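Undergrad: Single-letter residue listing:
2 protein chains.
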Amino acid sequence: MITSTSNDRVKAIRALKRRKERDARGLAYVEGIRAVLTAIESDADIALLVIAPDLLTSATARAALQRANTEGIELLEVSRQVFDSLSNRDGPQGLAAVICQRWRPLDSVTLEDGDRWLALTAVQDPGNLGTILRTADASGATGVILLESGADPWDPTAIRASTGAVFTQHLVRADWASFTAWASASGATVVGATDDAKTTYRGADYGSRTVVLLGSEREGLTEAQRDFCNALVAIPMRGSVDSLNLGVAASLVAYEVMHQREASPTPPPTETTPPTEATR
Amino acid sequence: MITSTSNDRVKAIRALKRRKERDARGLAYVEGIRAVLTAIESDADIALLVIAPDLLTSATARAALQRANTEGIELLEVSRQVFDSLSNRDGPQGLAAVICQRWRPLDSVTLEDGDRWLALTAVQDPGNLGTILRTADASGATGVILLESGADPWDPTAIRASTGAVFTQHLVRADWASFTAWASASGATVVGATDDAKTTYRGADYGSRTVVLLGSEREGLTEAQRDFCNALVAIPMRGSVDSLNLGVAASLVAYEVMHQREASPTPPPTETTPPTEATR
Chain A
1 MITSTSNDRV
11 KAIRALKRRK
21 ERDARGLAYV
31 EGIRAVLTAI
41 ESDADIALLV
51 IAPDLLTSAT
61 ARAALQRANT
71 EGIELLEVSR
81 QVFDSLSNRD
91 GPQGLAAVIC
101 QRWRPLDSVT
111 LEDGDRWLAL
121 TAVQDPGNLG
131 TILRTADASG
141 ATGVILLESG
151 ADPWDPTAIR
161 ASTGAVFTQH
171 LVRADWASFT
181 AWASASGATV
191 VGATDDAKTT
201 YRGADYGSRT
211 VVLLGSEREG
221 LTEAQRDFCN
231 ALVAIPMRGS
241 VDSLNLGVAA
251 SLVAYEVMHQ
261 REASPTPPPT
271 ETTPPTEATR
Chain B
1 MITSTSNDRV
11 KAIRALKRRK
21 ERDARGLAYV
31 EGIRAVLTAI
41 ESDADIALLV
51 IAPDLLTSAT
61 ARAALQRANT
71 EGIELLEVSR
81 QVFDSLSNRD
91 GPQGLAAVIC
101 QRWRPLDSVT
111 LEDGDRWLAL
121 TAVQDPGNLG
131 TILRTADASG
141 ATGVILLESG
151 ADPWDPTAIR
161 ASTGAVFTQH
171 LVRADWASFT
181 AWASASGATV
191 VGATDDAKTT
201 YRGADYGSRT
211 VVLLGSEREG
221 LTEAQRDFCN
231 ALVAIPMRGS
241 VDSLNLGVAA
251 SLVAYEVMHQ
261 REASPTPPPT
271 ETTPPTEATR
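Here the protein sequences line up with chains A and B, keeping their order.
Everything in the first sequence is counted per my numbering, starting at 1 for the first residue and increasing by one.
Everything in the second sequence is counted per my numbering, starting at 1 for the first residue and increasing by one.
If you're looking for bench data, these hints aren't it; they were derived computationally from the structure.
Just so we're clear, the structure is a prediction, and the values are computed from it rather than from any experiment.
Heads up, the beta-carbon is just placed ideally off N, CA and C, and yes, glycines get one too.
Careful, some of the hints might be misleading.
[As the list claims (entries may be wrong)] Pairwise CB distance ranges, derived in the manner of DEER restraints:
#, chain 1, residue 1, chain 2, residue 2, range
1, A, Asp242, B, Asp43, 15 to 23 angstroms
2, A, Asp107, B, Cys100, 53 to 61 angstroms
3, B, Asp8, A, Asp242, 34 to 42 angstroms
4, B, Ala47, A, Asp107, 53 to 61 angstroms
Bound-form chain A, shown alone:
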C-alpha cells in the first residue's frame, strides 16, 4: 500500500487534475463507486483502479473490485491520506479509476436516419457540459460533438455531472471547417438554437438525421455558424431573464427532437408538394 503523497505514481495521477496533463496523456481520473462501476459496465478502457481499503466499505464497492479483478485490471492500493490528496470531492468513497479518454474521429461517424447528435461550440462550463451529456444520453442521442475546443468532458466536474453519460455518449472534437464538411456530406439537418429565430423549437422540422447546434454560454452562435444551419429555432421566454442556462436550452431542444421522432418513428422523405387550390 502506498502511504506517501509524494510517491511518483501518486503524483502522476494527481497531475490529472490539470487539463494540460489530461490532454497530453489522454487520461482522466474518475471518482466514486457509481462512476467507476458505470465506466466498467460501459467498457471504458481502464488503466488502473485506485482504492483506499480503509474507505471502501460498501458491498457495491466490493462488487466493483471483484469485477475489476475478474477483468484483470491493475489495482493500486493507497492510504486514506493519499486517496484524499487525489480526490476532487468531499467525502471520497475510496474507489477511483484512471481511464483512457475515448474520442471518436469525426470522419468515422456516419449518420443513419433517426440518428441525433448535439454539437456545442466552445461550451465554457464543465458542469453544463456534463449535464448536456447526461441529457443527450437520456433523450436517446448518439453523441456530442465539441466544436472550437471549450470545456473538457474529462474534467472531474463534467464527469460527475454526466452521471456516467461521458462513457456512453460518443464524443467527437472538431474544428468548424471539418464539421461543416462532414455535416454537408452526411446529409445532416443542422438546427441551431438562437434567441432571435422566428421558428420556435416546438415548431421546427428536425429532419431525419439531426444535429442540434448550440453556441457558448456567453456568445451564442456566430453569424457564420447561423448561416450554415438548415434551420434556426428559438426557445420562447416569457419573463425578465434574457437567456436560459445552456444545459436547460440543450435539454429542451433534445427532448423535442426525441418526442417528434417518437410521434412519427419513420419520417417520410422530405418532399414538398406545392400547395393546390384545394389545400391552400
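Use these hints to put chain B onto chain A, whose structure you have.
TA: What follows is chain B alone, placed relative to chain A:
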C-alpha cells in the same frame, strides 16, 4: 474609503457568505454589475451598495451608480483589496449590494386561473436552485415554493445561477403540512414529477392553477408527497443514465405547462363527455 479588511462593517458584510448569518439577518450579498442592476430594476430592497472605484470602470457600472444615487441608496466605498475579500467570484467587477431577502408568506398567495408555480422539496444544490428560478421566470411561472428547507436561494451560487430571477420570482418557504393545506384550499392542481409515473409529462393535464412538485436530487418525492399529488408525471429516458439533472427535469415540465397554456389560453371547465357512436 475603507481600506482595512478587518473594518467592522466589512466583517459584517463578509459574514453573509455563511447561511446562518444570512438567515439570522435576512440579508444577502449580490455581486456583479448585471446582478446589481437587475436588483435595482426589480425594486429589490437594497440596504447598501458596495463599490471599489478602482475596479469600476464600465459605463454600465457608472449608470448603475447614478441610478443608486438618484434613489438615495447608501454607498460604501472600499479598496480593491477589501472588495476582493468580500467577493465570491473570480474577476470581481467592483460593484455589489447588500439586499434584504424578500420572502412571500404562503398564506398571502392566492391562485388565479392561469397561474403556475414550482414547488421544490429539500433541493440540495444552490446551482440547481438558481437554474430553476431562471427557468421558472423564463417559462412564465409566478414563483417557487421551497418545502422542507434545502438550499438557500440567497446563496451566492444560487443568486448567480438565477441571472436575476431571484429578484423577479416570488419566493415562498413552507413546511409540508402548511403547503398541503394551502394547495387544497387554493384549488391547485399539484403535479409531481417522478420516474415511475405512468403518464409522461407531455400527456398530463396540469389544470388551470398548477403547482409542479419536484423532489430533492437524491431522494425524489416521498410516498406521502406522491400520494398528495393530483397527478404524477414521468420524463421518459431512452439511454443508460437513470435520472436527469433536477434543473433539467424542472425545466422540461415548466416549459410543457407553458406550451399547453399557450396552446389553449382559456382552458374550458374540466367536463368529460361520454363518447357517442359518432365520435368513437
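Undergrad: Now, for every hint given, state plainly whether the structure supports it.
TA: Tested hints:
| no. | hint | result |
| --- | --- | --- |
| 1 | A/Asp242 / B/Asp43: 15 to 23 angstroms | 19 angstroms, holds |
| 2 | A/Asp107 / B/Cys100: 53 to 61 angstroms | 58 angstroms, holds |
| 3 | B/Asp8 / A/Asp242: 34 to 42 angstroms | 38 angstroms, holds |
| 4 | B/Ala47 / A/Asp107: 53 to 61 angstroms | 59 angstroms, holds |
Comparing the model with each earlier hint shows no violations; every hint is respected.
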